[in-house]
Amino acid sequence: MRRAVPFPRLQLYLSHREALIKYAARLLGSPAQAEDIVQEAWLRFDREAACQQPAGYLYRIVRNLAIDSSRHLQIEQRVDDADEHLASLAAPQHCPASAALYADQLRAMQQALDRLPPRTCDAFYLHRIEGLTLSQIATQLGISVGLTHQLVREALTRCAECLDE
Numbered sequence: 001m002r003r004a005v006p007f008p009r010l011q012l013y014l015s016h017r018e019a020l021i022k023y024a025a026r027l028l029g030s031p032a033q034a035e036d037i038v039q040e041a042w043l044r045f046d047r048e049a050a051c052q053q054p055a056g057y058l059y060r061i062v063r064n065l066a067i068d069s070s071r072h073l074q075i076e077q078r079v080d081d082a083d084e085h086l087a088s089l090a091a092p093q094h095c096p097a098s099a100a101l102y103a104d105q106l107r108a109m110q111q112a113l114d115r116l117p118p119r120t121c122d123a124f125y126l127h128r129i130e131g132l133t134l135s136q137i138a139t140q141l142g143i144s145v146g147l148t149h150q151l152v153r154e155a156l157t158r159c160a161e162c163l164d165e
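Each residue of the sequence shown is one higher than the last, beginning at 1 in full-length UniProt numbering.
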């Protein structure tokens, strides 16, 4: 009589683990990050019900997680680039006419921010004034990083539009 394998899913994972890491590393360009993705894939795979092709499903989970991770990194990079660009804008002038112009612009920006929804203002404030990352803001507000990025971008767009007027 043949004995049943005690943990067939775990054995499947372990037999494909190295190949999954190489696959994820190719997608991400980072072996260390690939390890994290493959571990997360195992956790998700282990929670799922039985499927027709478990090895293929495991590879699909790794692929989707790698794509999601790349997207999050791109979003973070775009926001960091925008921060650098804003920081490089002209320094304030000290003549009275310039001071009056900047005071008017600041007042207009404050009015634009006041018209935004509270959550958008909170995200903007936490990012631009408090210096929190999008991930930290998302955790604090209980929303996704993608939504946090949209809120900060919306506030920045409103500020830019206000200055263009």
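Keep in mind that the hints are not guaranteed to be accurate.
Now the in silico label distances, taken between C-beta atoms and shown as ranges [as the list claims (entries may be wrong)]:
| hint | residue 1 | residue 2 | range |
| --- | --- | --- | --- |
| 1 | 141 | 51 | 33 to 41 Å |
| 2 | 40 | 100 | 49 to 57 Å |
| 3 | 72 | 15 | 25 to 33 Å |
| 4 | 10 | 60 | 15 to 23 Å |
| 5 | 31 | 119 | 36 to 44 Å |
Keep in mind that the hints were calculated from the coordinates and are not lab data.
Bear in mind the structure is a predicted one, so any value in this text is a computation, not a measurement.
For glycine and all other residues, C-beta sits at the position ideal for the given N, C-alpha and C.
Hint check:
1. 141 to 51: 33 to 41 Å: holds (35 Å)
2. 40 to 100: 49 to 57 Å: holds (55 Å)
3. 72 to 15: 25 to 33 Å: holds (30 Å)
4. 10 to 60: 15 to 23 Å: holds (18 Å)
5. 31 to 119: 36 to 44 Å: 38 Å Cβ-Cβ, so the 36 to 44 Å window holds.
Hint violations for this structure: none, all hints satisfied.
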